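Asker: Chain by chain, the residues run as shown.
2 protein chains.
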Amino acid sequence: MSNSNISAKKIKFVQSLHQKKYRQEHQAFLVEGTKNVLELLNADFEIMDLFLTESFAEKNEQALWKCKAEWRFCNEDIITRLGTLQTNDSALAVVQAKPNTLLLPDAHEWVLALDQVRDPGNLGTILRIADWYGIRKVICSEQTAEIYNPKVIAATMGSFTRVQTYYCDLAAYLKEYRSENQKVLGAFLGGEDVHTVAFSAAGGFLVMGNESHGISPEVGAQVQQAISIPQYGGAESLNVAIATAVICDNIRRTVGA
Amino acid sequence: MSNSNISAKKIKFVQSLHQKKYRQEHQAFLVEGTKNVLELLNADFEIMDLFLTESFAEKNEQALWKCKAEWRFCNEDIITRLGTLQTNDSALAVVQAKPNTLLLPDAHEWVLALDQVRDPGNLGTILRIADWYGIRKVICSEQTAEIYNPKVIAATMGSFTRVQTYYCDLAAYLKEYRSENQKVLGAFLGGEDVHTVAFSAAGGFLVMGNESHGISPEVGAQVQQAISIPQYGGAESLNVAIATAVICDNIRRTVGA
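Residue numbers (the UniProt record's numbering), protein chains in the order written: chain A, 1 to 257; chain B, 1 to 257.
Hints are computed from structural coordinates only; laboratory data are not their basis. None of the values given here were measured: they were computed from a predicted structure. Some hints here could point you the wrong way.
In silico BS3-like links for lysine-lysine, alpha-carbon gap of 30 angstroms or less [said to hold, decoys possible]:
1. B:Lys59 <-> B:Lys21
2. B:Lys183 <-> A:Lys151
3. A:Lys151 <-> B:Lys35
4. A:Lys151 <-> A:Lys66
5. B:Lys151 <-> A:Lys35
6. A:Lys137 <-> A:Lys183
7. A:Lys151 <-> B:Lys66
8. B:Lys10 <-> B:Lys35
9. A:Lys20 <-> B:Lys151
10. B:Lys10 <-> B:Lys66
11. B:Lys10 <-> B:Lys137
12. A:Lys68 <-> A:Lys151
13. B:Lys137 <-> B:Lys151
14. A:Lys98 <-> A:Lys151
15. A:Lys59 <-> A:Lys21
Model the full structure from these sequences, guided by the hints.
Answerer: Here it is in structure tokens:
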């Protein structure tokens, strides 16, 4: 632990991670705020830098015991200046990104696949929902928002530590790894009612599409069963994160955890 | 229809409606953007002023046929300046607020009740969800976000035209209007699993609580049955709009429309 001043060079480095270009160049990202940093301290990420206010450290002494990284005490103004939140009176970490490693469903596992979900808030919320419903793997098309975008991390409320992502050519991935046993289901308008779909206990893939355009033709060509949330009123659509939650709930009530 | 310039006084009036104080003083609010204005033109609100770009008018000629209000053509810059959206290349309306009229459930009707849902985006999203699930009445505690906040209207994606709201002392309302036949259910941690709750075909009230603190003790005292969405993974909670959607889906699959 140190109480030293932070060099201008360090400040510039941390702030560079607000941008995707530098996150990719340095293979590093930011984790900000109490909830996300506490979850980070419980997880297996490599923390490169950790900036804390003294009040955060006092309130979370136990969580810091197991922290191997050195940390620096800073005041609220400096932590806010380093990060992307409007204000941050608790903590900010610079964290090593994980390699983009192929993820495949285990036996009986349901995996989520996102086709061009572009809004960072939606992606983060979807990871939180996946985590709630015990879904641990999310396959993302290349055009899906970047997992390490600070807005994504913020919206996950810590779930980025438990849900893994793999970015790839989604159509090619599904073509390669779908099977008779583990099918590809996709959320479309006019598909089979999720209240009566026989979700398989063998697991499979659930594909959710873009906010405006839904599932793309290339990915849609790999979908073996179209499913829909029944509509009872006048709204034309549901937000993609909302729809993901409703479908995951229907999967879990059918197949269990 | 006119093509006249807009007076400085008119501009000031429209911009004053960005603020709650003036919305209340003038009993008027703004509806902005293509989707919301088109839904407005199909609904029974009184339109006080309507500003359109010529391209919006050309694309939506039929929707404008039945419009009784006069409209003015403006360029994109002026419409953007009048409103709250980052950019608006289509339309903006000034609309008369509706009186805050007591809403009660009809026979067999499920009604939503919101206890201090403070985020405008959450409230708007909840109205869109209610609309999708055919829920037409939403009772709001006084501390719930204001329905006419432009961010609420934007997030409803037009559903503000189909879902009615009534603001009141929610605990007193529920105490007065709950019955043996139409019970008050509330979303709590540790309540009965929504996958097995016997939602009544007689209808009732579903109470959703504040983003951070859940249902308040006063409103909680009126809840006759606590219900919960089962959790299968590590996330601690779901966003209130997400939880509302999942519970509404469980109600509808049990009782139908």
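Asker: Which numbered hints are broken by the structure, listed smallest first?
Answerer: The structure breaks hints 1, 2, 7, 11, 15; every other hint is satisfied.
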